[in-house]
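Full structure from sequences and hints, please.
Chains as they are written, first to last, in our numbering: chain U, 1 to 112; chain E, 1 to 284.
No wet-lab data here; the hints were simulated from the structure. Built from N, CA and C at the ideal position, the CB exists for glycine as well. Among these hints, one or two may not hold up.
[To be verified] Residues from chain E shown here face chain U by an in silico Cβ test under 7 Å; the list is partial: (1) Phe-244; (2) Trp-269; (3) Gln-271.
[Claimed, not checked] Some chain U residues well away from chain E (every beta-carbon gap over 12 Å; in silico): (4) Arg-11; (5) Arg-21; (6) Leu-37; (7) Ala-41; (8) Pro-49; (9) Lys-50; (10) Val-85; (11) Phe-99; (12) Gln-109.
[Unchecked claim] A short list of chain E residues far from chain U (calculated; beta carbon distances all over 12 Å): (13) Ile-172; (14) Glu-207; (15) Pro-240; (16) Gln-262; (17) Glu-283.
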Amino acid sequence: VLPSPCPRQVRSYYVDWRMLRDVKRRKMAYEHADERLRINAIRKNSILPKELQEVADKEIAALPRDSCPVRIRNRCVLTSRPRGVKRRWRVSRIVFRHFADHAQMSGVQRAM
Amino acid sequence: MLSKDKDKSAASKDSAREGAAKRQEDGAETPKQQLLDIIGTMKVEVSYKKKLQQLKASESKKQAMKKLEGLDSEGSVPQGITEDTQRGKPLNPELVKAASAVASSLPCNKKQTESELLAQLRRHEETTDKQKNGGTINIRVRSLKVGKRLNIFTKASTEPEHALKTVSSPTIWDLEFAKEVAAVTAQPPRNGFEEMIQWTKEGILWEFPIDNEVGMEDDAEFHEHIFLEKHLEGFPREGPIRHFMELVICGLSKNPYLSVKQKVEHIEWFQKYFEEKKELLQEI
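Below, the structure written as structure tokens:
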């Protein structure tokens with residue numbers, strides 16, 4: 001079987017360990033999202049008694065640390081750069097400039 | 001057969017015997033002639049008769065008796081013939097006995113009648129043998145289950161069952177083979193259209209015109225989304241919890257992104273949570 005001609009780079013690993021950890025955090029946050037939402041709904045209202053809300057505080061603190069969405073960092077998808085990432089394209093500024101100059105970003109052109 | 005009969009009748013010695021013999025032979029010839037005629041026509045019916053044979057093997061003696069009566073009466077000849085043919089090969093000694101009994105019952109010419117009957121039987125047996133060796137040509141197949149099985153055919157019915165079994169439960173190896181074949185025969189896309197087709201199949205590219213509700217199959221009516229009070233039956237009627245849950249329901253009814261199932265699960269989670277905290281709540 002001949003190898004199929006592929007024009008792009010084939011990436012079979014994550015760029016670095018930080019990216020891998022970020023991926024794990026994202027997965028965990030997805031799993032616990034419902035629970036966190038519901039416990040926060042109990043915590044953040046003025047109707048229920050405060051004792052119940054304190055219990056809810058302790059419960060949410062007992063959940064694993066990586067399950068909260070605050071720990072997710074929007075890294076560059078190609079280089080794992082934590083800063084300078086444009087949200088729409090999910091790539092860092094350097095990669096964005098590289099692709100835009102090679103006309104590989106759809107609808108992106110230099111300032112006219 | 002007719003000539004034989006005539007010869008035998010001619011060979012009789014006593015005149016009185018002759019006369020008596022002639023009378024009896026005439027009387028006996030008609031059934032024999034009729035026998036012969038019917039044997040000639042009976043070749044087709046032999047296979048069916050064989051099945052009846054096997055079925056009525058126990059009744060063969062009764063049939064022998066009937067035969068005797070039939071030949072005596074000379075009127076019930078066809079019955080005698082049918083019973084005669086039914087017996088066929090495996091019942092030879094009985095037939096011989098029957099023939100001898102018949103001959104003895106007929107006055108005089110015992111030997112002649114005996115020999116004639118045996119000759120007829122032999123002829124019939126020959127025909128039946130020919131029929132058997134030639135194969136069972138069931139021209140008149142009235143019902144397949146009449147009589148015992150002849151054990152001539154092997155069971156060929158197991159093959160379609162096996163075929164059905166293999167089709168209904170494709171093994172892992174079959175699936176793997178199919179995947180291999182698909183992978184080998186799949187050519188790389190020759191142009192952009194084929195590439196887009198491939199991507200659509202994989203799920204990378206959406207289907208056009210874009211359907212906003214792909215993957216979301218909510219078959220519930222609007223009233224199931226909005227009127228969620230019936231799920232609040234497990235909660236106390238008054239108190240802060242009820243107040244809280246009514247707010248939750250109000251929020252859910254305005255939520256277009258969740259399915260009815262998800263909303264119901266939401267409410268059930270709260271119910272479970274508050275039941276666990278019941279002791280704490282009662283202290284308050």
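Violated hints - listed by number, lowest first
Going through the list in order, the structure violates hints 3, 6, 7, 8, 9, 15, 16, 17 and respects the others.
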